[in-house]
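Using our numbering, read the sequence shown as starting at 1 and increasing by one per residue.
It should be emphasised that the hints constitute simulated quantities derived from the structure, not laboratory data.
Mixed in with the good hints, there may be bad ones.
To be verified - List time: in silico BS3-like cross-link candidates among lysine-lysine, alpha-carbon distance up to 30 angstroms: (1) K121 x K75; (2) K78 x K49; (3) K105 x K121; (4) K109 x K121; (5) K49 x K116; (6) K137 x K75; (7) K105 x K49; (8) K91 x K109; (9) K60 x K91; (10) K175 x K121; (11) K60 x K78; (12) K78 x K116; (13) K109 x K137; (14) K105 x K175; (15) K119 x K109; (16) K116 x K105; (17) K121 x K137; (18) K78 x K119; (19) K121 x K86; (20) K91 x K137; (21) K86 x K175; (22) K175 x K49; (23) K49 x K91; (24) K49 x K119; (25) K116 x K91; (26) K137 x K86; (27) K137 x K105; (28) K175 x K91; (29) K49 x K75; (30) K119 x K137; (31) K86 x K60; (32) K75 x K105; (33) K86 x K109; (34) K49 x K137; (35) K175 x K109; (36) K175 x K78; (37) K75 x K175; (38) K75 x K86; (39) K91 x K119; (40) K49 x K60.
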Amino acid sequence: MKTKKILSLVILGFAFFATGNTFAQKATQNIVGVAVGSPNHTTLVAAVKAADLVETLSSKGPFTVFAPTNEAFNKLPKGTIESLLKPENLKTLQGILTYHVVAGKLDSKAVVAAIKAGKGKAVLTTVQGGTLTASLKGSNVIITDDRGGVSSITAVDLDASNGIIHVIDGVLMHK
Numbered sequence: 001m002k003t004k005k006i007l008s009l010v011i012l013g014f015a016f017f018a019t020g021n022t023f024a025q026k027a028t029q030n031i032v033g034v035a036v037g038s039p040n041h042t043t044l045v046a047a048v049k050a051a052d053l054v055e056t057l058s059s060k061g062p063f064t065v066f067a068p069t070n071e072a073f074n075k076l077p078k079g080t081i082e083s084l085l086k087p088e089n090l091k092t093l094q095g096i097l098t099y100h101v102v103a104g105k106l107d108s109k110a111v112v113a114a115i116k117a118g119k120g121k122a123v124l125t126t127v128q129g130g131t132l133t134a135s136l137k138g139s140n141v142i143i144t145d146d147r148g149g150v151s152s153i154t155a156v157d158l159d160a161s162n163g164i165i166h167v168i169d170g171v172l173m174h175k
């Protein structure tokens, strides 16, 4: 059930970023609702639906979602997305998507404060059970996954009724 909630949050985050809604408008939609309206997150929305996570990500939360754009998914090796969307890869897809979700609502100020308190890095536990490491590169927050892949946060603090979304330029992968 948590996996479904996480995917819904990811979808909403993408939709909100792409639509350019005002803060008040964003907060009235859940994460899934925001993502569904975003032309820059159609791959994420398709993945959340294929992984049967819409209900989960539409739940109360709160969640912090690191939402990759279509361009981020396009950086994956050719055929990866198509393979992950197949029914036989449901568990793998759910694991990848829930790896992008952290329980609780961590806005950009909270993330930066955690990085500073951690002397340059903050380790975040995902709902999938893995960890993400947030750090600063200049004034930009970067997220490093369990495999050493690095994604930059390109948009922050997209507020949803059940959490917050930060848009990233890469797909995070767990071990």
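Numbers of the earlier hints that this structure fails to satisfy, in rising order: 5, 8, 11, 12, 18, 19, 20, 24, 25, 26, 33, 34 and 39
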